[in-house]
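Chains as they are written, first to last, in this note's numbering: chain A, 10 to 342; chain B, 10 to 295.
Treat the hints as calculated values from the structure; they're not laboratory data.
Beta carbons are placed, not taken as given, at the ideal position from N, Cα and C, and that holds for glycine.
Any given hint could be a false lead.
Facing chain A, a subset of chain B residues (Cβ under 8 Å, in silico) [claimed, not checked]: (1) K188; (2) D189; (3) R195; (4) G198; (5) G200; (6) H208; (7) P211.
Restraint ranges, calculated between C-beta atoms of paired labels, are given here [stated by the list, open to error]: (8) A:R165 / B:G202: 50 to 60 Å; (9) B:I138 / A:A210: 30 to 40 Å; (10) B:L108 / A:K81: 37 to 47 Å.
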Amino acid sequence: MKENHCDKNKELLKVNGLRTHFFTDAGEIKAVNGVSFSVRNGETLGIVGESGCGKSVTVRSIMRLVKTPPAKIMGGEILFENHDLLKISEKEMQDIRGKRISMIFQEPMTALNPVFTVGYQIAEVILRHNKKLSRAQANEQALEMLRMVEIPDPERRIHNYPHQFSGGMRQRVVIAIALACSPKLLIADEPTTALDVTIQAQILDLMRKLKEEQGTSILMITHDLGIVAEMCDRVAVMYGGEIVEQGNVKEIYKSPLHPYTRGLLRSLPRIDQETERLYTIEGAVPNPKDLPKGCKFSTRCAQCAEKCKESPPEYKEMTSGHFVACHLANEVS
Amino acid sequence: MVWLDNKDVVWYKKKGVPKLLAGAVIVGLIVLIVLLSIVWTPYDPNLPNVSDRLLPPLSTGHNGQSYYLLGTDQLGRDNLSRVMAGGQVSVLIAFLAVLLSVVMGAVLGVMCGYFGKTLDNIVGMFVEIQHSIPMLLIIVMVLTLFGSSTVVLAVGLSLSEWLSIFRQTRAKTLVERKKDYTLAARVMGAGDGWIVFRHLIPNVMASIIVYGTLLIGTTILAEAGLSFLGLGVQRPYATWGRMISDGQTYMATGWWVSVFPALAVALLVIGVNFLGDGLRAKLKME
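Looking at chain B on its own, in the form it has when it is part of the complex:
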């Protein structure tokens, strides 16, 4: 990261690098493929082709021209195109949800940790209340109220996930606040806002980044789970969760329909977790 540019400490950098690199490659590759699907997929992911139904991977289509690398689904749609396009929703929702929960959790966490008192009590009370309501219930409620679109899904997921970021940040802030450099900043004429945004947030940032990265994995799984339950973004748009769910009916005759999106989810989650773990090892030193 940015804060290690000196030759004296070069050996530090090696720590956690293989994992970080592996994670970055996996995530980067998947994100690239998903981005590519916006402008190009081998076939239209939503166009059924009844004559090519449930073709296994590496087979040629009925017309003798189409070639299905990952086979086709029960409506004859190209599985590869659908896995690619299905990632759009999953990845977008995951990043959006994590971004929202990080911003919400980090800002509130730092403020509560720093100011304490009334603000901390009020936010703390809401957090406690929210903790007593099952996460699934909250998301189902949000989805039924506002319909299920990408943004609503992201907001719903972030509502259930910001709590952990909030707790982490608040705890870290309580530690950092006690350190002399916040007092030193005050002595040098800094106000509360300056201390919160210029001193505390940069200091708790390392752990937020790590935690946020790991949270992406959880969110992808959660979104897949919701789609699997039929609560995700609606048909005909492909999402990984829905593809797994739709494909399970055809498990005996067309395993590839659900196995490939499942592989994509697993791979992305593993990649993100590697990335998070690598970052943690790297940022651990000061």
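This is chain A alone, in the form it adopts within the complex:
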């Protein structure tokens, strides 16, 4: 707590009505369609949703890493420390990437360059953003980073190449690179999906520890609700390129308002309940080229009413900080 010198409630990142569309031969695909959320200082926000719901495109838009063409950010604003990241130049963005906002990836096997030692790769980032440092000083810091991510025998390992590390160890190196410049925001795009369950737990513990130590905010993308429960303060549930529900993790797990969130939670096995067969949400994600006119979830929703098919629901605040986009939110909760 004591290192939280900045205001806890201040919004570090605020995304307003972000829209990223893909222009393909088959037509325009609205991958991210009016997404709004915010990450506060020192907070962990989880974005959950199934494959193809637009969560990765959302964070890549924040980093301005979507490839244009085919993708294009059509609208909205991304306020990071009160600067709109969509309005600054690519050069300024390069200075922000890695220094203020960092990102770690799903696949630690390919996220490291195979021809350089891990020490070199960590030092490279440090030098990129601190031009005044000497190579020796950067190496010193790189060693410190390896120690911080708890890699055993860092003095020897710093001279190793990525292929000499296991998956979990590589992910630690990736985290070390991401945190080398003490960024304010760390974006983690399914950081543990490619790892064994035991290693997953270790990596998550490490991330939580580092977050506490450095006061970094984390934007965690995952499809694993267990990770959200363990790691996040707040969660945003995405479906069909939109956020359907957002709020405090505890509250959402206790009283989910959106039928999709309820479905997701019901399809998890629970330790305190005897379940014969797990619940599944019927149907599949609608084709992004041909989304339903009304609520995006209406094609799969058990409670779907007439108005759901006709008009998209409003995104409204039900209780303090708990947002939902559902016509029936009042009635069914």
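On the provided structure of chain A, position chain B as indicated by the hints.
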């Protein structure tokens, strides 16, 4: 190479080592001898000596003092000195041409593979056009336009050879570009130039080195071929190709005139190919 200094992976190093070693020894030896010829040859390679014409190997000259280890040619010039000096042109041209084509092919290949779009289309079009013109025609054209000197010859040869390096590098870059580490580098604040020169080129370097080494062999043969046709560096400077060509008239009476430069070419090409193969086996592991 540099990226294997750990004791844990020492067994990897043994792979391809005999070939690599044999190649390095052969090439090193030939290059050393050729370098030596710049400062010292047994006799002046270009000085005719009519009284010692077409002496077989291991014979003594007319004056009773000169000793010709590899015999003399049709003008009585010492064959050993000529083989040594002839290597200067061949080796220089081969290395220069390969260096030029590697730089040109690798840089353009990585850039086209990385940026794609317009640049790739334009360069790709030129490559296609050049592919439709026979290589010999291009070289003859360059040589007639600029005269035949070492540099022109090297440029001409590299013009015909950079295509294969370009294709190889471009294809490899397309694979590497898709890997997360380029994205990771971007995420860490790297620009295009940084990614191309600090990440992609080092990664495609291994295959470029191997391919470039093998290309040296091809280039030596090509240069010898051109000299054989009379398109190479002009008389009186000895080149291996010209010596083979000149000697073929005397095949019946003085086989040594063309056989020794031919042996030198063959040996160097074999050595270079061993080197390339050994490197490939060694760099294959990651």
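Taking the hints in turn, this is what the structure says about them:
Of the supplied interface hints, the one on K188 (chain B) holds, with its beta-carbon coming within about 4 Å of a beta-carbon of chain A, less than 8 Å. At a threshold of 8 Å, the smallest CB-CB gap from D189 (chain B) to chain A is about 4 Å, leaving the interface hint in force. Nearest Cβ of chain A to the Cβ of R195 (chain B): about 6 Å, under the 8 Å cut. The hint holds. Interface hint status for G198 (chain B): upheld, as the beta-carbon distance to the closest one in chain A is roughly 4 Å, under 8 Å.
Of the supplied interface hints, the one on G200 (chain B) holds, with its beta-carbon coming within about 5 Å of a beta-carbon of chain A, less than 8 Å. Taking 8 Å as the C-beta contact cut-off toward chain A, the hint placing H208 (chain B) at the interface holds, the least distance being around 6 Å. The beta carbon of P211 (chain B) comes within 5 Å of a beta carbon in chain A, closer than 8 Å, and the hint placing it at the interface holds. Evaluation of the 50 to 60 Å hint for R165 (chain A) and G202 (chain B) yields a failure: the beta carbon distance comes to about 33 Å.
Range check, I138 (chain B) to A210 (chain A): about 59 Å between beta-carbon atoms, so the 30 to 40 Å window is missed. The hinted range of 37 to 47 Å is satisfied by L108 (chain B) and K81 (chain A), whose Cβ atoms lie roughly 43 Å apart.
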